[in-house]
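Chemist: The chain contents come next:
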Amino acid sequence: MLAGGYPLVYLDSANTSQKPQVVIDTMVDHLERHNANVARAMHQLGAEASEAFESARDKVAAFIKAPSRDEVIFTKNASEALNLVANTLAWATGDLAIGAGDEVVITEMEHHSNIVPWQLLTERKGATLRWFGLTDDGHLDLSNIDELVNERTKVVSLTWVSNMLGTVNPVAEIARRAHEVGAIVVVDASQAAPQLPVDVVAAGADLLAFTGHKVVGPTGIGVLWGRREVLDQLPPFLGGGEMIETVRMERSTYAGIPHKFEAGTPPIVEAVGLGAAVDYLSAVGMEAIHAHEQAVTGYALEGLATVPGLTVLGPLDPTQRGGAISFELDGVHPHDIAQVLDSRGIAVRAGHHCAKPAHARFGVQSSTRMSSYLYTTPAEIDALVEGLEYTRSYFKVG
Amino acid sequence: MLAGGYPLVYLDSANTSQKPQVVIDTMVDHLERHNANVARAMHQLGAEASEAFESARDKVAAFIKAPSRDEVIFTKNASEALNLVANTLAWATGDLAIGAGDEVVITEMEHHSNIVPWQLLTERKGATLRWFGLTDDGHLDLSNIDELVNERTKVVSLTWVSNMLGTVNPVAEIARRAHEVGAIVVVDASQAAPQLPVDVVAAGADLLAFTGHKVVGPTGIGVLWGRREVLDQLPPFLGGGEMIETVRMERSTYAGIPHKFEAGTPPIVEAVGLGAAVDYLSAVGMEAIHAHEQAVTGYALEGLATVPGLTVLGPLDPTQRGGAISFELDGVHPHDIAQVLDSRGIAVRAGHHCAKPAHARFGVQSSTRMSSYLYTTPAEIDALVEGLEYTRSYFKVG
Amino acid sequence: MTNQDLDALYQEIILDHYKHPHHKGLREPFEAEVHHVNPTCGDEVTLRVHLDGDVVSDVSYDSVGCSISQASASVMTDLVIGRKVDEALAIHEEFLTLMQGRGSVEPDEDVLEDGIAFAGVAKFPARVKCALLSWMAWKDATAQVMEESH
Amino acid sequence: MTNQDLDALYQEIILDHYKHPHHKGLREPFEAEVHHVNPTCGDEVTLRVHLDGDVVSDVSYDSVGCSISQASASVMTDLVIGRKVDEALAIHEEFLTLMQGRGSVEPDEDVLEDGIAFAGVAKFPARVKCALLSWMAWKDATAQVMEESH
Ligand SMILES: Cc1ncc(COP(=O)(O)O)c(C=O)c1O
Ligand SMILES: Cc1ncc(COP(=O)(O)O)c(C=O)c1O
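So the protein lines, in turn, are chains A, B, C and D. Add 99 to the 1-based position in the first sequence for the working numbering, that's all there is to it. Add 99 to the 1-based position in the second sequence for the working numbering, that's all there is to it. Add 11 to the 1-based position in the third sequence for the working numbering, that's all there is to it. Add 11 to the 1-based position in the fourth sequence for the working numbering, that's all there is to it.
Simulated from the structure, these hints should not be mistaken for laboratory data. It cannot be assumed that every hint is accurate.
Claimed, not checked - The list that follows gives simulated cross-link-like pairs (lysine-lysine, BS3-like), each with its CA atoms no further than 25 Å apart:
1. C:35 <-> C:95
2. A:158 <-> D:134
3. A:158 <-> D:150
Quick caveat, the model's predicted, so the values are computed rather than measured.
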């Protein structure tokens, strides 16, 4: 119940998800009864904390079907995971080194967190950033893939599911082309991991990132998965704490994966919470969650189509998209829509959703986005549609 | 109560502190009732989450007497904060740029997290890493400070309180010399912030780092404070999310501090927990905590002196040191000491405590460390001393 | 939030200025042009200032944004055009104080005129930035002109 | 942890090997020398392997570490010196299985001899690495010799 007496209609799950009680309870139990630092401690609490932390790694590895648990690296969020890759590539030597003449390919529908790291990398190393454009119906324009992804391409980094358009991209197909030319493939699964069954190998990824707070886990935790051969070749990212093998003042040597990339005290209770979160999702079943998402999205697309002056940005076929639906409403700015909806207890997002280039592609400054999740009901979609009608009348449009 | 029926005697607070109930309750309340993403959301939950997150920044700014709240940057731990500085310096231009011929000065008593980032920076940029040595009684050897910190010095980075030796370093005095030659001063306050009243300006720091989980806050959150002029000059660290001003595919511009250094969804509930933690410490009073720490440390040093064959590493005067006491016990390896103590419910740390060079300086591989905090009682110190006697008899030494 | 809060936010005056903004469009002459963005939502304003001695003789702008940010630009131009720079800056201060007061500041109609309609906005932290966008751009542009003329 | 657990960990056999380690010290000849570290605690071992055809004819070492890691090195040398390499590797496998079994594996005294005393260690995850340090070093060094002789 919110101020104003309306029940909460939370349609902002692509921004962050709500947490099941079991996630919160698991975290509280850990903080109250097993709180200690990990890896370093020999005592009972330390052993309990390490056990809980490392078993969260096992759970995440199973959740994304990682060939090895050691390939799962805990970061603070998806952004750090993506930056870890771009940042270490800046210092990589050998095959992975990037320099003048080399190209990095992204797409026009990326979240800023999968754009800016590559801008920084290519600017700093004198390499070139290129990208897939978008078709009018919100898909990747793959018509020039063979020219775009070529023998100069060192990295192809793309989102699996767009957080603005909802588009599900043919990741495995693009990965095939990238691998043909010897590029590595980085997949931003921030919106995919919450909604789709993830199999990192089947996806064709060399590296894959997602974030805890969107998969019903806590903030402060993200995941980078990488193929062992790639992770082994990358130089360390942050230095210190337990990422070392041995330290002398003159020189240090580094631990193997995953610890090599986990400097300092990791987000322990956050990893434990994430472990509980992926267990929760697996118990519900990712297939079932995906089916529910498609049903709700289909229902929402139908409902939105009844609102005069409303235009959906992105694919209109629910079987080809994720649960985030961005739209425009003639004559009312997204901020104002979100504000009126909020006065009725309906939480949506207004703005550029950290995807300014995708907005620019469709000639809009900002949009309103509703995003559902496993707890979303058709009645909540009805409330949204009614709320939009009310918004139109409030601003006297139409 | 632990397995074995002993009450817990937690003497590993320099590793991580236990949390007061109010910190846990504040986090649970946030997760259950105000969970949303920050900055981006217009709805009520979003406003509540943003308000809670940003007011945590105010609390931390007050806790360390920061001249401006915008100078407080949330990171995932102290290690990330220190790496953020070393990492952005690698790409800095102008006054802060570091290259061949330049020198970075650290000390032999640093935690690995304040050694490895500077090794990486100096190796990568062709600069030289130098360090203060230690005296036999565990102080910094300042005899050669005028030669060591010279006009080639760009950065002096040192710990305020040693996590191994307990030594409290004369940070302001060293900062004075560093500023004379135009170097910037980075202070690792990971062990100081829990125990001493911190005033970043009085300390003479240009940048200062500490970590949430050692100040009765949660894991997953750390703090970097920096003088605005320095932070403004540093290039961005991680790219993405809310660290931008505007993003086009060709180029982006960046937000001002603190957001420039906070890419992606920040550790929200962790910041809220940290806010509750520093409020708790301030309510108890940092002066009182410091006095308690000195009293307990004095009592512990006396107690340890009664154990035959025990040698303390570091200063023996409790007024000159923090609460971490590392020691050797003739004929018993630290692992074995920690194990026997654990069988009596006493939690200490055994190993190199992420300070291998300081151990090497004293010719030891590893040591046992007891570390107290505001909740530590003299009776717990008595239990430790008894436990050590028992350890000696168990291993039949002396 | 209640319906009352909503109506306090979207006062008639605001909606009027939104539908019929004053002084909109980019005009010549001008001594400084600035471009400001609200990073969180992407709202933008391009704004020009023309000073005639110490008088704000024109402020013209082009902007994309919500009702609050559009109406605020319109009201701002009404308030500053024709004033002496220091008077206009004082009005800017007064508006800033109102916006940052979280709803606890009583606005002075003699100074802020239609600007008092924004009193309700101060209770919505997420919208305060919208209301301030064009004011900040105006201050920035004016400072640039003043600087150059020194 | 109880006192019983503690006694299960620190069996007399372990303490004996700790106080009086077998085959300690670095000796010649050798075909490979390795240096292994336990990153968490800093324990170290330098270890040399001398093969004579397919027989482990000497294993010598210098190490710093706790009772478990010291005793384990001593027991290991007892078990592998004089064996054929593949037999020794099989014993290594068996010891590894015991250590990673979290206390659920029943050790075979015929194969592991004094090594069965380490059964209690398997219940202490933090100490398993101590027990394995020298075994891993031996395996690594042996693999290096085998590789070179191909
Ligand atoms: C002096 C010192 N510096 C840095 C750190 C690193 O802190 P964190 O592991 O939280 O990054 C610690 C604690 O481990 C410490 O004691
Ligand atoms: C597609 C996509 N990538 C990356 C991110 C960044 O995630 P985080 O903010 O947790 O780092 C998000 C969410 O904000 C996203 O939707």
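Chemist: Now tell me, hint by hint, if it's right for this structure.
Modeler: Structure-based check of each hint:
Of the supplied pair hints, the one linking residue 35 of chain C and residue 95 of chain C holds, its CA atoms being roughly 21 Å apart against a limit of 25 Å. A hinted pair counts as satisfied when its Cα atoms are at most 25 Å apart, and residue 158 of chain A with residue 134 of chain D qualifies at roughly 22 Å. About 30 Å separates the Cα atoms of residue 158 of chain A and residue 150 of chain D, which puts this hinted pair outside 25 Å; it is violated.
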